[in-house]
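Add chains B, C and D to chain A, keeping to what the hints say.
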Amino acid sequence: MATLENIVHHPFFLPILYGVVLVLVLPLLIGYLVLLERKIMADMQARLGPMRVGPHGLLQPLADGVKLMLKEDITPTEADRWIFWVAPIVTFTAGMTALAAVPFGPGFQVADLNVGLLFVVAVSALGIFGIVLGGWASNSHYSLLGALRSAAQIVSYEVAGGMALVSGLLLGGSLSLRRLVEAQHGEGAWFVFLAPVGFFIYFVASVAETNRAPFDLPEAESELVAGFMTEYSGFRWVIFMMAETANMIVVASVATVLFLGGWLRPFASTRELDFLDYLPPLLFLVLAAYCFWRTPKQPVGIQKGVMALFALICLGLAGAEGWALTLPADSALRAAIHGGFWFLLKVFLYLYSFYWIRFTFPRYRFDQLMRLGWQFLIPVAIVHVLAIGSALLLRQRAGWGLWPAMGLATLVTLLVAAWLAGGKERPAYLPSEPGG
Amino acid sequence: MMDLVIFYVLAGIAVVGAVLTVTRRNAVHSAVFLITALMATAGIFLQLRAEFLSVVQIILYVGGIMVLFVFVVMLVNLDVALRQVQFNRQKWVAGIVVLGLAAQIVFILTIGRTQDPGVLGVPPTPADQLSPNTEKIGMRLFENYMLPFEIASILLLVAMIGAVIMGKRRI
Amino acid sequence: MLSTGHYVLLSLALFTIGVIGVLTRRNVIIILMSIELILNAVNINLVAFSRHLGQVDGQIFAIFVITAAAAEAAIGLGIIIAFFRNRPTVLADEMDMLKW
Amino acid sequence: MADTRTPSFPGVQTTILGADEIILNMGPQHPSTHGVLRVKLRMDGERIVASECIIGYLHRGVEKIAEHRSYQQFAPYVDRMDYVAAVSNGLGYCEAVEKLLGVEAPPRASVVRTILTELQRIASHLLWLGTHALDIGALTPVFYCFREREEILKIFEKYCGARLTTHAFRIGGLQYETYDGFEHDVARFCQDFATKIDEYERLLTENRIWVGRTKGVGVLTAQDAIDLGVTGPVLRASGVEWDIRKAFPYAAYDQYEFKIPTGPNGDTYDRYLVRMEEMRQSRHICLQAIENIPAGPILAKVGKVLKPPPGEVYHSIEAPKGELGYYVVSDGTIQPYRVRVRPPSFINLQAFDRMVRGHLVADVVAVIGTIDIVLGEVDR
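Read top to bottom, the protein sequences are chains A, B, C and D.
1 is the number of the first residue of the first sequence in the numbering used here; add one for each residue after it.
437 is the number of the first residue of the second sequence in the numbering used here; add one for each residue after it.
608 is the number of the first residue of the third sequence in the numbering used here; add one for each residue after it.
708 is the number of the first residue of the fourth sequence in the numbering used here; add one for each residue after it.
Because the hints were derived from the structure by calculation, they are not lab data.
Treat each hint with caution, since some may be false.
[Stated by the list, open to error] One-sided and incomplete, this derived list gives chain B residues near chain A with beta-carbon spacing under 7 Å:
{"#": "1", "residue": "Glu487"}
{"#": "2", "residue": "Phe488"}
{"#": "3", "residue": "Val491"}
{"#": "4", "residue": "Ile494"}
{"#": "5", "residue": "Gly499"}
{"#": "6", "residue": "Val503"}
{"#": "7", "residue": "Val506"}
{"#": "8", "residue": "Met510"}
In this text, all values refer to a predicted model and were calculated from it rather than measured experimentally.
In this text, a Cβ means the ideal position worked out from N, Cα and C, and glycines have one as well.
Here chain A stands alone, though its shape is the one from the complex (with noise of 0.2 Å):
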């Protein structure tokens, strides 16, 4: 007899359950990464942003998606109906996919495969089928432009992105991303103070493949409309921008467990350090006081309303990090709770210099962008994983200390990279003779 014992301990209980929470999830959360966005966006723009939904545009998510659920879906006569309809699911399903092998926290995740971290770059390259066929159903110029620059930009640099992923591979030993963050627990040092040149490079190339600015090519509005998107509208054109909010995510989370010492708190090996154990609780009752007290400074009586119940879920979110403190420290609850804490701090902190970046410098153009990831960033990356390799090498063979190795292989590959980018400034293409 099927007890609820039996299925909490059934062994596809748990990944289910997660699964069902990321699909619940997830689309609120990638609202609210979008109201984040447009805020900061304001806050570097010298305007406020969304103000008028809910308090500080608190609610503007859940407007926004009623409006656009709502809204009128358009098919275009000549488009190709099925494959129209299937790309922006192909799109979301890829990123959701890929965010299921993600460990959010030690044993917080869907499952924690052998090749892990090959999984998900696999996975969240599956989406460029949907931006791909999705461009060409869509029987637009514009469309089939943006779907081309987007295949031919996403290959390019996810060689280059995969190579920086070899150098952290190269630290960690393994493909598992668990045992990469553990990896990390026992060096004492993040990925990121190891091997920067490869968390830089990886950092860029995530960039581009999630057709962010500077690399926004395939959707550039002001070239292309809105490039593979122009003919979608409504709820598709919502699953469109949803995938690429996940992909944002999937890019962080994986750079957060390779370079980023994922769920480590800072400073993990440092017992002295321990009272930063005390950040997340204080974090949240600092966000609670703020808004209970913005809470009455508001205008109308439903705008306290929801004002007071975000103060609330601060609160409960702090008492949930307190508790989790009084555990005992080697509790897998406590390391589940404050694991998440650290690994979502460090992914929004990733995503927020993605907004960084995006509103402070212009478009790159298209053969410019090929040139950075052909010629600079696939060299490098080369040479840093024979540095890397190298480096190791010494460490195992020579005895050298980690630091120095290191310091060795970042030194060479930034020499290489002075070299490549000193070089004379070559015109990307000679414009052909007028009349040509």
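Coordinates of chains B, C and D only, in the frame set by chain A:
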């Protein structure tokens, strides 16, 4: 039991995808179904405890080769091609091949199994022999198959140069 | 219980479909796709026997097959692009010139 | 039979599309064609083989309307041509009619006109900078530019009550006396603006991506520019030192000291630098003018009904976008017999095809931005 269900679902997807691949009129549709079939195959690799190969299949086959295919199909997409006759008159050749293969299946299923089972007669080894999969493949690849590995890389290099030359407008 | 025979049969089915595709289709791109299907069927076979015998050699051969498939696709599609520039057709039986 | 799918492009030999060629229609509804410009691009992949500008979507027959309005009645219409530089348009028209009438605006009016026109030049260049940067993908400068433009528009609003289509001047002088604190407002704006313009330059001038996107893009040689009749910053960036404010001084420009910035290469980057420097120079002129605004009447003696003697006159000024000329023919009645406008955007747009050929789609956007067109003026 679970294994069997998973296998039949994946195999069904693969076979249906394959059939649709060779019968669709529009090459883009064919590519989509081929991707489906290849993904199902990746699932079957996973079931066979070949995790690394499964991911390689997704990265290389689906994420690399098929992107190339879709790309080229989009470049040479012709409305004219859709309206032309899709099949040539080699149906009888295909028929003979199918018959030959059917005969082989019958042979394997009946005579082969009873008379000389070969490796199939040996009971399958336990699954944990193959794990940790990535490490095993890595060790074997770089210890026993170093030369083929290098030859394969040269093959890829040659293919890359060839493709670039082919794609260039003026040689 | 699942026997290796299941996988071999699946492989055979995919192989046959691929062969039929190669022999009957006129569109070169679909012919190339059918070839990919055939190579894929071979891979299933290799991996199934690798599992059966408990040795990874079969998987390594599958990796080599995928490498060959990548090379074949790159060259094949390159030829198609180069040909298409000169004669806008993708039908195999119209590609009957030795030079142009 | 001509294939309808393959339109002919001026200067391109074949009408048959190659295997990799497509025709892309940009506009009239497109985020970065600055209004309702329609550009038909014939592209080899993403490279432009030929281009054709199709205009007229905003044609309102401004010149024809002039023939049925009295001279004063027509003055507000010119504001609607280059609506981001309405003050300059008004100045050109008023001075043209004044020339026809043989009157001259009093000194106070001339100085105030100069100040307002230079402020308008800054406002127009700010709008150009913001949208140009936005086209090239920098999302942020546009908001900073609008922040400063807002200050200028506030001065306009305080002066004449309107922000965009100001109708600030009147034939023979000014419409209104300046308000109390006008000098103070302008001086304060000019002081603040010096640091603001450095802020924009910090965001863009040295930025590798910006330089990569603009340097060598849309090159127009000096000879080409002169042949095509291009004027304004586009001409000056090609290295031709030509500015009507210096060549044929009007309003009060002969009293002030300012430089004409020029660029060496005539590419988009040079045009960017030239316009940035022009904003600095405009600020400089404003500061000089604000020092000493002569007292006196603001309106010359012109009758209630304007009846210029029969004759014709051409008068041009240096509008923010280039030479803005008015050719007015009078037949002695209260309505002009003919008014013909030489709009700088329209003439500059002719250089478009020369500038984009051989470049990529992304450069088309940069070139449209750098010409700084306003479709209201192109189509009139």
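* Report holds or violated for the interface hint on valine 506 (chain B), using the least CB-CB distance to chain A and a cut-off of 7 Å. => 5 Å, holds
* Let me know if the C-beta of isoleucine 494 (chain B) comes in closer than 7 Å to any C-beta of chain A, holds or violated. => Constraint on isoleucine 494 (chain B) satisfied, holds at 4 Å.
* **Status of the hint placing valine 503 (chain B) at chain A (closest C-beta pair under 7 Å)** => 6 Å, holds
* Asked: Can the hint on methionine 510 (chain B) be confirmed by a CB-to-CB distance to chain A that is less than 7 Å?
  -> 5 Å, holds
* Asked: Going by Cβ atoms only, is valine 491 (chain B) closer than 7 Å to chain A?
  -> Hint on valine 491 (chain B): holds, closest Cβ of chain A at ~4 Å, below 7 Å.
* Hint status (Cβ of glutamate 487 (chain B) to nearest Cβ of chain A, threshold 7 Å) -> Interface hint status for glutamate 487 (chain B): holds (5 Å vs cutoff 7 Å).
* Go through the hint on phenylalanine 488 (chain B) and say holds or violated, using the shortest Cβ distance to chain A against 7 Å. => 6 Å, holds
* So, glycine 499 (chain B) near chain A? Judge it on the closest CB pair being under 7 Å. => Holds, about 4 Å.
The structure shown violates none of the earlier numbered hints.
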